[in-house]
Each structure stands twice: as C-alpha cells, then as structure tokens.
Amino acid sequence: MNVTSGMAARTAARELARQRRRHAVRHVLARSGTYALAVGSALLCAAPFLWDVIVAFVRRDRWAGVEHVRPPLRSTPFPAFALNALAVGALVTVLTLLFALPAAYALTRLTRGWGRAVVRAAFVVALVPPVLRYPPLPSATGPFGRGDALWSLVLVHPVITIPVAVWLLGAFLRALPADVEEQALVDGHTRLSAFLRVVVPQLAPAIAAVAVLAFTLSAGEFGYARVPASAGFAHGAVPAAAGVVLAAAPLAFAVGLVLACWHRASSPTGPARTRRSTPNGPWPGR
Amino acid sequence: MTGVAADASPAGRRRRFTDRDGPLAWAFLLPSIVYLTALVAVPLGLTVAFGLSDATAADPTYRFAGGRWFATVLGEGAFWRSLGDTLLITGVSTVLVVLLGQVLAHVLLADLRGRWLIRVLVLLPWTTPVALSAISWRWLLDHPGSPAGRVLRAAGVPPGDTWHERPATAMAAVVVVHVWRLAPLAAVLVMAGTAAIPREIRDAARVDGAGPWRRAFEVTIPLTLPATTVAALVTATVVCADVTVVDLLTGGGPAGSTQTLASLALARGADGGAVGPGAAIAVLSLPLPLAGVVGLIRVLRRS
Numbered sequence: 001m002n003v004t005s006g007m008a009a010r011t012a013a014r015e016l017a018r019q020r021r022r023h024a025v026r027h028v029l030a031r032s033g034t035y036a037l038a039v040g041s042a043l044l045c046a047a048p049f050l051w052d053v054i055v056a057f058v059r060r061d062r063w064a065g066v067e068h069v070r071p072p073l074r075s076t077p078f079p080a081f082a083l084n085a086l087a088v089g090a091l092v093t094v095l096t097l098l099f100a101l102p103a104a105y106a107l108t109r110l111t112r113g114w115g116r117a118v119v120r121a122a123f124v125v126a127l128v129p130p131v132l133r134y135p136p137l138p139s140a141t142g143p144f145g146r147g148d149a150l151w152s153l154v155l156v157h158p159v160i161t162i163p164v165a166v167w168l169l170g171a172f173l174r175a176l177p178a179d180v181e182e183q184a185l186v187d188g189h190t191r192l193s194a195f196l197r198v199v200v201p202q203l204a205p206a207i208a209a210v211a212v213l214a215f216t217l218s219a220g221e222f223g224y225a226r227v228p229a230s231a232g233f234a235h236g237a238v239p240a241a242a243g244v245v246l247a248a249a250p251l252a253f254a255v256g257l258v259l260a261c262w263h264r265a266s267s268p269t270g271p272a273r274t275r276r277s278t279p280n281g282p283w284p285g286r
Numbered sequence: 001m002t003g004v005a006a007d008a009s010p011a012g013r014r015r016r017f018t019d020r021d022g023p024l025a026w027a028f029l030l031p032s033i034v035y036l037t038a039l040v041a042v043p044l045g046l047t048v049a050f051g052l053s054d055a056t057a058a059d060p061t062y063r064f065a066g067g068r069w070f071a072t073v074l075g076e077g078a079f080w081r082s083l084g085d086t087l088l089i090t091g092v093s094t095v096l097v098v099l100l101g102q103v104l105a106h107v108l109l110a111d112l113r114g115r116w117l118i119r120v121l122v123l124l125p126w127t128t129p130v131a132l133s134a135i136s137w138r139w140l141l142d143h144p145g146s147p148a149g150r151v152l153r154a155a156g157v158p159p160g161d162t163w164h165e166r167p168a169t170a171m172a173a174v175v176v177v178h179v180w181r182l183a184p185l186a187a188v189l190v191m192a193g194t195a196a197i198p199r200e201i202r203d204a205a206r207v208d209g210a211g212p213w214r215r216a217f218e219v220t221i222p223l224t225l226p227a228t229t230v231a232a233l234v235t236a237t238v239v240c241a242d243v244t245v246v247d248l249l250t251g252g253g254p255a256g257s258t259q260t261l262a263s264l265a266l267a268r269g270a271d272g273g274a275v276g277p278g279a280a281i282a283v284l285s286l287p288l289p290l291a292g293v294v295g296l297i298r299v300l301r302r303s
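Which chain is which? The protein sequence lines are A and B, in order.
The UniProt record's numbering numbers the first residue of the first sequence as 1 and each following residue consecutively.
The UniProt record's numbering numbers the first residue of the second sequence as 1 and each following residue consecutively.
Don't take every hint at face value.
Derived contacts from chain B toward chain A, CB cut-off under 7 Å, selection only [as the list claims (entries may be wrong)]: (1) Asp21; (2) Leu24; (3) Leu39; (4) Ala110; (5) Leu112; (6) Leu121; (7) Val122; (8) Pro129; (9) Leu140; (10) Val293; (11) Ile297; (12) Val299.
These are computed hints drawn from the structure, not numbers from a lab.
Cβ atoms here follow ideal geometry from the backbone N, Cα and C, with glycine treated the same way.
Please put together the full structure from these sequences, using the hints given.
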C-alpha cells in the first residue's frame, strides 16, 4: 500500500517535471521566435536608412568618417535647403496650432451633433488625392509666381497638417476631464478665457507633440514643393545620403516623443489622468 | 452637480459673446473650415477648369474647349494601361499591407526588452517623409553590393541589368516601397483595435483552453476586423492616389509600365506642359480614391 502510493507519487512528480520542462521549452521557443520576428521586422523597416548610414560613412570596407558628408554641405546649397525647411516648417507649425487648437476644442466640447459631420469632412479633406490638391499645372499657370514659392508652401502645407492636428488634439481633449474648465466657468471665467487659461496649459504636452508632428509633416512634404518647379529644389530634394541620415535621426526622435505623449495621454493609469480625476470637493457649493 | 452650477452662474450677469457656446463654437471652427475649403476647393476647381480648357504651358490663356480633352484621354491606351497598373499596385499592396500589418501589430504589442527601440525602428517607415524613403530605396536597390541588390540578382536579374529597366522588377519595387511604408500604419491601427479587446474575453478564451492559434483566429482577428478594414481602406486610398513613390522610384518607367493615373496626370500636365489632358486625367482618377474615402467613412460610422 505504502509502496504503491509512493510509486504513484513518484510517477506523478516525474510527469509534472516532464510537463514543466515541455512548457519551459515551448516558452523559450515562443519567446525566441517573437524576438527573432521583432528584430527581423525592425531591421527590415530600418533597412533603407541603415544602408544610407553605411553608404555615408563606409568606403570600400573601411570607415570613411565625414569624407562623404562634406561634399553635399560644400557643393550644394545644403544650408539653404535646411534653412528653407526649418523656416517653412516653423511657420506652418504656428499656423497649424492657431487654427487647430480652437477647432479641436470647439469640436470636442462645444458642438453636439454637427461637430461629427465637420470632423468627417475634415477627414475627407485630409485624404483628398494629392494630385487634386496641387493641380498638375506648371508653375507658370499656377496661382503663385516663382518668387513666392516658399510663401506658397507656408500657405498650402496647413491643408495637410490642420486635419491631423485637429484629430490628435481632439483625442487628447477627450482624455482630459471637462470638470476643470467647468470649475473655471463657475469661478467667473468666460468660455474664451477658460479655454485660453485652463485648457491650453493643460494641453501643453499634446501641443508639443502636435507641433513636432506638424513640423515633420511640413518638412517632409514633397509634392507641393515639386509641382511649382522652382520650389522643388529649394525645398524637397536633398541630394546625398548624408542628408537623409541627418534628416532621419531627429525624425526618429520626434516619433518617440509623439508616441510617449500619446501613450501618457491615452493610458487610463497615466499620471495625467490620476492627478486630474480627483473629485472637485469644495467647489460645487459656491 | 457641476453642470447645474455652470448653467446657473452666468444667468446672473450679462452673457457676452466670449461666453456663449454656440457662436463661440462657430468662431473657433470657421477659420479652419474656410481655410481648408478654400485651399482644397480652389485647386480642385482649377483642375476641372483646366481640364475643360485649351491652355498649355506655353500659352496659358484660358479658352474653353469643352469635353475634348476628356474624350482624347479616354481614347488613349496610356490611360487604360495606367488605370490597370493603378488597380494592380493598389490591390497587391493592400493585401500585403493587411497581412504584414497583423504581424507588425503582434511585434509592437509583444512584451520585449528594448521594446522602445523596436517600436521606433518599426514606425520609422511611416514617419519618414515619403520622398526621403523613396530616394533611400532607390539607393538600396541600385547598389549591386547592397542586400537588396543581392536579392535582385538571386531573383534572376543579371548584374549588368538594372531593376528599373524591367517592367516586372520596377513594378515589384513600387509595390515593395508602398507595403514597406504603409504596413507600420496598418499595424498601429490594428494594434489600437487589439488593445481595445476587453481583457476578460481573452482570459475567458484562455481558460476555456483555446491555444494561441485558436485565440488568434477566433478572438483577435474577428474582433479587430473593423480596425483591419480601416487599415485596408486607408492603404488603398493612399496608394491609388500616390504620386511621390512612383515619381521618385521609377519615374513611371520603363516606358510607362509603372505609371499610375495620378503620376500620369502629373507627367502630362506639370512636366509635359499638356495642361488640358493632365487635368482631365487628374479629374478622371478621382473616383477611385473617393470610393476609398466614402467606404472609410461608412466603416467608421458603423463602429
């Protein structure tokens, strides 16, 4: 009796150990499979840029240093290109925020039914085929002359950035509780000053994220710059591998920033949410 | 409670414009609406107008020409060939983007060490300007010593021959760049859909003994179907209206074999100086992306 139960216990223990081993093996296989998949897709996604880095800094299997970075800086008006992109991007970012902030606020807080129709329309605008947004016309027949090419870019780029900004800021706003600005209204602020003094400061991280995004969208926009022929070279075409590397690094950083802000705003356990969702105890009595 | 207080308090004093929600909503919205409408409607109107005109790059005076250019364009082989190419590129890219988007969404959601780095790298194609990535792909494909160059040679392209001189490889390159660029976007959309699945459902499936495959096919995929549909429609809309990739990667060549309707419109109108036919092609290419947008709105309204 004692012997058989001991044997049963031993086989049970052995069976358990076997299953545990099998699970461990399976776990390791699944994990390494996931890692292989992740590393593989990351390399594939970064492939053209990794190649740019290799081409820019390696020459016939040896490290070339900055030898390839100098020519585009010297023989092309590279600084002028960069300055154009920076100036246009900065102006477009300011314009975008000026238009999109009030619009996003109105759509999330002030309108009921018809706001949705406006959002939908903005969505269509954002996806209007590019060929139709910049008609296939040579610059001579376009609405802007050659000398104003950069200004025309400042004017047209917000068409792309405003819908995206409205959409993103709206998502951030929905994550903010409306109680805080309602408190401001109770305290005697008008809707406008509540928006300017309460909502906008609360949105600061979102505004930073949207500004970065608008800037990158503007600096990376190619079609508008290409079509008026004179602006094409002033803005779009960056002629060397080094240029791509120089552009890609800050972009990757920008993406990280946007994602981090997005994550913080959308996660229900994030610090922003827990801090603001405290019930506004003494206020309603006033 | 707060709502009641907010409604009651302004009644005591004069309501100014800055405090009335209705007019303020209009004041906040109108600038954006006017700006966007003007800058979309004006070019659109110009395109239609030039499609009906005799204007050329050399002689931009406007003379009404009726529907002549539309008839000419519809009678051209190049138009129908570009339409076929547009449909082919869009269809193949969309299918591949949806499939790879699922895989990438899995990667983005997986709990890994160094996840931030993997996320940044995976999202790089989506966030990098299209023009930069198209040029980078060109270098990657052009260089015989690069990994892509080796793949091309293994696929049977002789070393002396370049990929953009053969219709098949040029077409494949266009599709590859589109898929590479849009799969991360699809992954983000699918990822959002997956994250929205209630935890209880996944746990219940696990408790009921469903393995990873069964959970994928009977829980995750059906429940992320709306997100996947959105990803597919966005991809199709963007691809069929895209100019930049074709323009920079192949320039529509060899001999117009990778020309899409959008790039054909640009090539004829802006580069070729034939304003009328170019604008007519642009207008005729409108229904395809428009169908995508309408479908997208319907899907979004339902969910």
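Right, here's what the structure says about each hint:
Given the 7 Å rule on beta carbons, the hint for Asp21 of chain B holds: about 5 Å separates it from the nearest Cβ of chain A. Here the hint on Leu24 of chain B is kept, as its CB sits about 5 Å from the closest CB of chain A, short of 7 Å. For Leu39 of chain B, the interface hint holds, the least distance from its beta-carbon to any beta-carbon of chain A being 5 Å, beneath 7 Å. Using the Cβ-Cβ criterion of 7 Å, the hint placing Ala110 of chain B at the interface with chain A is satisfied: the shortest such distance is roughly 5 Å.
A least Cβ separation of about 6 Å between Leu112 of chain B and chain A falls short of the 7 Å threshold, and the interface hint therefore holds. Taking 7 Å as the C-beta contact cut-off toward chain A, the hint placing Leu121 of chain B at the interface holds, the least distance being around 4 Å. With a cut of 7 Å, the hint placing Val122 of chain B at the interface with chain A holds, because the nearest CB-to-CB distance is about 5 Å. The beta carbon of Pro129 of chain B is positioned within 7 Å of a beta carbon in chain A (closest approach about 2 Å), and the interface hint is therefore held.
With its C-beta approaching chain A no nearer than about 5 Å, Leu140 of chain B sits inside the 7 Å limit, and its interface hint holds. Among the interface hints, the one on Val293 of chain B holds; its C-beta lies about 5 Å from the nearest C-beta in chain A, closer than the 7 Å criterion. For the restraint placing Ile297 of chain B at the interface with chain A, the shortest Cβ-Cβ distance is roughly 6 Å, inside the 7 Å limit, so the hint holds. Among the interface hints, the one on Val299 of chain B is violated; its C-beta lies about 12 Å from the nearest C-beta in chain A, farther than the 7 Å criterion.
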